[in-house]
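Residue strings, one per chain:
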Amino acid sequence: MLYFAELYGKKVTSADGKAVGRLTDFAFLATDQPLITKLRIDTKVGHILVPISSMKAVNGTIILSPGYETSGVADNELSVRIHLLDQQIIDLKGNKVVRVNDVVIQDKPYFVIAGVDVGMLGIARWLKLEQWLNRQVSYFGTSLRSDFLPWENIQPVELSRGKVQLKREEAKLTKLAPEDLADHLERLSVKNLTKILDLLPNEYEAEVIQNLNVSRQRELLRSIQPKHAASILSLIDPDEAVDILLTLSERRRQIITPLLTEEARARIDYLLSLSTTDIGSLATTDFFTADPEETATSVRRRMKRETTLATPLTYIYVINKKKELVGVCNLHELLLQDGDVPMYKFMIPNVVAVYLTTPPEIAMKKMIKYKIYSLPIINDRRGLLGIVTIDDLVENMQEKLT
Amino acid sequence: MKYWLNNWKRRLLIAVAIIGPGIITAVADNDAAGVSTYSMAAATFGYQIFIILIPMTILLAVTQEIGARIAIVAEKGLADLIRERYGVRIALVMYGLLFFVNLAVVIMNVAGLKSALILFGLNPYIFLPAIIVGLFLFVALNSYSIVERFFLLLIVFYGTYIASAFMAKPDWGLAVQSLVVPTGSITPRFLYTAIAVIGTTITAWGQFFINSYVKDKHLTIEQLKYSRLEVYLGAIVTDTLTFFLMVAVAATIFANKLTITNAAGAALAITPFAGQFAGLLFGIGLLFAGLLGCVIVALTTAYAFSEFFGYSGSLDEHFRQSRLFYTTLLVQLVIGTIVALMPNISLFKITLAANFVNGAILPIIFFFLYQFANNEAIMGAHVNNKAQNWMLAISSVIIITSVIVGIVGQLMGW
Chain A
1 MLYFAELYGK KVTSADGKAV GRLTDFAFLA TDQPLITKLR IDTKVGHILV PISSMKAVNG
61 TIILSPGYET SGVADNELSV RIHLLDQQII DLKGNKVVRV NDVVIQDKPY FVIAGVDVGM
121 LGIARWLKLE QWLNRQVSYF GTSLRSDFLP WENIQPVELS RGKVQLKREE AKLTKLAPED
181 LADHLERLSV KNLTKILDLL PNEYEAEVIQ NLNVSRQREL LRSIQPKHAA SILSLIDPDE
241 AVDILLTLSE RRRQIITPLL TEEARARIDY LLSLSTTDIG SLATTDFFTA DPEETATSVR
301 RRMKRETTLA TPLTYIYVIN KKKELVGVCN LHELLLQDGD VPMYKFMIPN VVAVYLTTPP
361 EIAMKKMIKY KIYSLPIIND RRGLLGIVTI DDLVENMQEK LT
Chain B
1 MKYWLNNWKR RLLIAVAIIG PGIITAVADN DAAGVSTYSM AAATFGYQIF IILIPMTILL
61 AVTQEIGARI AIVAEKGLAD LIRERYGVRI ALVMYGLLFF VNLAVVIMNV AGLKSALILF
121 GLNPYIFLPA IIVGLFLFVA LNSYSIVERF FLLLIVFYGT YIASAFMAKP DWGLAVQSLV
181 VPTGSITPRF LYTAIAVIGT TITAWGQFFI NSYVKDKHLT IEQLKYSRLE VYLGAIVTDT
241 LTFFLMVAVA ATIFANKLTI TNAAGAALAI TPFAGQFAGL LFGIGLLFAG LLGCVIVALT
301 TAYAFSEFFG YSGSLDEHFR QSRLFYTTLL VQLVIGTIVA LMPNISLFKI TLAANFVNGA
361 ILPIIFFFLY QFANNEAIMG AHVNNKAQNW MLAISSVIII TSVIVGIVGQ LMGW
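So the sequence lines, in the order shown, correspond to chains A and B. Just so we're aligned, residue 1 is where the first sequence starts under the numbering used here, counting upward by one. Just so we're aligned, residue 1 is where the second sequence starts under the numbering used here, counting upward by one.
For reference, chain B alone in the conformation it holds in the complex (with noise of 0.2 Å):
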């Protein structure tokens, strides 16, 4: 028994020390842009849109399980791996691609904030620099495992999600129903509505997060399973939040036939239905998703850019040490804190060139994973295995065919 214990109370350690890179990585995929996308969904489509929650935590967890991996065993990053196999012309190429629609998802997430502010009656032209240099500093000025704290802070506070549902007094027998029963008939405005869901939730930027992240963090091989099992927990994690997020809409809004068209009108909505307190705290859930949102993608952009040309680049070295690394971060915070303070800036175009982008590059990202997960060289022992093949070809086939229904369908605006 007291042998049990202290195993227990082993693995609870190891549990604890490599929390972070998936939960993180999973939640922040709940970003501005995210909790907009689920909204909208959820107040058009109510429980029906719930049927797809469970696929796509699928597909999450094992796109993300082999990006952490791939990072693990051979202690390099996606774009370390990139520029070394493939050459400085495609290296330069995918960092084009990945700066330009990072810069598009940071421009939502700072947008995201901005509405937050909006709601909660805070000048934005004051308080948005405010807080995005505020980030910065924080994120430039402390080591990793600091930053590492402040972001599962920022987790704690998507916890508002289910407070709001709660309050909203569903109807949770058939929320929990839809998870596995579909209902309603398909649509192809549901099509597109469920394609942009998985679209917001599985990103090019989270495939290069979570292998850079996870390489910063110096996880050894022998870390390698409890890694594996805290990114299928992210996925998890992240969509439950999800899924209390959808209920709160659900519940009121669509329940109410209401139309919103952003995150910050449904925290307005919600308000006559579950209180004013359901509200606020869907509307403080914004705010978090998009400070968690803009610091991270923008941190992708700057780890892309510290492996892809060499230079040093850690969240644990100081602001001399990896100035490039750190100037990529601020430049991308800054162009998206101008851009979302523009008077009469059209996010939806900016959202519809973040998603053509994100959709074009995510197959490209999915055969350099494919590529190097089954490369001996570098993987070793721990080369993806048949099932995670499939499941790779078919998230590619998954993605690429939402992100062409997608485009079509913003076009012809279904």
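Excised from the complex, chain A in its bound form (with noise of 0.2 Å):
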């Protein structure tokens, strides 16, 4: 991954270490695939255009191999300098959204613009404050990320009209659902990978991850450092978490496990624990539960108080003092209730759950039998471990099929 504010005004030399020029612009295609053509480099003459193919080596300065040939620009081609940097981005509706600070260059296996730098860092790199200011912000404790916006997200025809489009209203690649984004990312080496989830906000890199297949999360989990491993795993679903610890060796395993938030290592060793059946793996600790003698108006005032961090619920789980789940309700029932009705008059009593053991296929046939999408994972005294959630088992059918 490259910048442009690093690349630009380089120097570039001939093959046998003569001054060319300095580099200070780059050709493109305006396609879906910004494929970059020709780089521009001003000499004491004038400027050449040189095609891509002729550059060699970028570390320092960048080597043009022998012989290299000059050419003009063609019609389909725009420039990075006019067209690109510094322009306005306009979402669908034409609302300014921000502007281009530094345009984000992928050079292998070819070279292709993979995005642009729209946040404050993509500024601090043309004064070449970039590190200086990461340094500085690093004794709070914290650090600066890159707002990068991915090249899928720019609609490539309105670029020769002088236009940077987004193809969405929403603004931020932030708000690019992280389903998207990890079906992109998918199709990039783990280095690259690594370098494009660097750029992006904790929380969102977490959901992203969240969403790669399992191999794709193996590689990425055992290149990172452990501390980075274990602060995403803190932020995404335990379920997940699990799943994804449970493809890593012990030995890494026990080096991360240790690193995670207290929250998250307990509910993570604790459906490690399960783990040990398929439905196991499976199960996650996002559930909601309720007393017997509650009523109605105080579950849904706990509701809103307390899940809005959790994953979509579906179902209220009611236990009674003995710990025994003696009930469920989904939300609708709940909704049409009067304020001051308590669980015990209106849930369903006779809940439908698995245990441990249970095959994830019978799971299956009873949510679809049921028409339930969780089911609640008992123990022989009725106490509740987990949920089964209809996603993550679809998911496991799925890679068991394929």
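In short, the hints are calculated from the structure, not lab data. One or more of the hints may lead you astray.
Which residues of chain B face chain A? A partial, calculated answer using Cβ under 10 Å [as the list claims (entries may be wrong)]:
#, residue
1, G87
2, V88
3, A91
4, F309
If we take Cβ atoms under 10 Å as the criterion, some of the chain A residues that face chain B in the derived model are [stated by the list, open to error]:
#, residue
5, I123
6, W126
7, K321
For glycine and all other residues, C-beta sits at the position ideal for the given N, C-alpha and C.
Please assemble the complex out of the two chains, which come individually in their own frames, going by the hints.
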């Protein structure tokens, strides 16, 4: 991953070490795959355009291959500096979003524009202050991240009309659904993948990782620092975290788990202890419980307060004083009740549940038969261990099939 | 006849639709700092200073027209173009300079507001923050068209200077004659004062503001002709108001050989000669000049910020949508209020610094105006003609000279 701000003004020499000039611009194709085609070099006598294939190395200086050719601009080529850099980004409705502060270039396997940087660091990079700024910020125990906007979000056709327009109305990359970004990122090498993930805010990064396929998750968690891995795992849903941890070697797992936040570790340890069986490995602790005597209003109020961070809930499980699962109720039923009605008046006492030893296929059949989207997993004392949701089950089935 | 009437009606409608940016920007040039400078100039030199009013009007009209034309044709603000054509580094430097000079002008206007409040016996520690907060909320919560009507309403209060002038019972013949016939000898002190008057009228923020504000109004290229007239009209209205203000001062303070140090002083000094009501009107004028000045100059910084860095910024947008835009506006107003309320603050030093940076930045802005207004890729058929380029060049020379003379003058204590 290269930044235009860091390449701009770099010395260009010929293969025999003679100075040619300085790099000032790139030409690229305004298509869905924005290949960089030429580099513009400002020499002492005007400027030349050289095909990117003649560019040999980008260490300290840029070296051109022997006998490089020069050419003119083709009709379908645009300039990074004129058409992209510093331009206003607008969304579909024409609202101003932000400006392009820097252009992010992917150099392998070929030179292509990966996206644009719209953050503060993009500006700092032009002032050569990026590292300094990061150092200052690190004193406060945090780090600055670039705001990266991938090329997929930009309408290439509009570029030639002088507009950097987004494909969607929402502005920022962080609003791109993590699932979509994950699909895109799966095509990159692990090295480039980590670079892009580094650009994202932590919570968002965690969500994206959660949506990558298993082999990608494994590769990634192997290659990044244990501390970073732990911070990501602490942020994602505990059942997903367990899935990812289970793909790692025992040793690696033991390095990472102690670094997790205490709350996350407790939940993950618990789920790991369940993961001895098929259903157990799919379990999650993201569920909501209520007391049989609790009124509908109280439950509704508590849900509003306590479950803002949870994945969407579909059922409320009713647990008595002896910690037995005695009933269940779905959100619609809860909404229909008058405020002062206690849970036991309207819950369904015959709870459809599974045990740790139940095979996933049977669990699936129960879900289909009773039209339920998540099943409680109980032990033989009717204690609630966790729940298994339909999406996790389906995913598990799909993996088995492929 | 009927056709003619319809045509006339249509034109009037267009005129009403486009009216705003030119007049508001130009009249805002007569902000509290301007009112102080004009008062002192007229108190010191009387009718002699009137000779610069007509050339000053032409300078103002020409420079503002170029800014408005770029905004209409390119649909971009000055800051947009600087960022897109010259890159982020130059954009940052320009924004830094503009922020600083605008802040100084905001402080001067809030200080003007404060002295007007004191004049009316109102406690500035209570009323000044209240007014500033109210002003901000009004601008942030209302749409462009309502805010624009508010600005136009503020301008009506400048009419108080006309009333003050009549109450001062001046020698109108001499006043009008002094506009075209030079009188008295030209001393360094006169030159310095004349230049200070031009410097507070043609400003860096004025150039940015007309541009952003016209763009925010979304005028079309068909309205270019009318917009040009409106800008010219704005320059004429502004300097007519300046004329009356100076008449009021010249006929009273100068005629009785008094000295004043600021606009509030002028309001007090007028009273014995033109009556209490005239002094009151003069004070009201200062109050509204401060109001208009501080909000418009702070707004300029906010527009420039959103243009330089590409964030959404429009008076038509809600606070949540244009958060950074309104935050910039608020920051300038809050700092302005705090500084103006500090007990031992030296406004003289702030004025000196503001004039210096304003002077330093104006030739650069004229350079950008020249570049953009002559660029066919941006302006198409509407590029500058030769006369306009000459006027711009002459303006630059006058402004640069004025700044150098002004600073030397202030340092030497002329």
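- Query: Any of the earlier hints contradicted here, and which numbers?
  - Reply: Violated: hint 7 alone.
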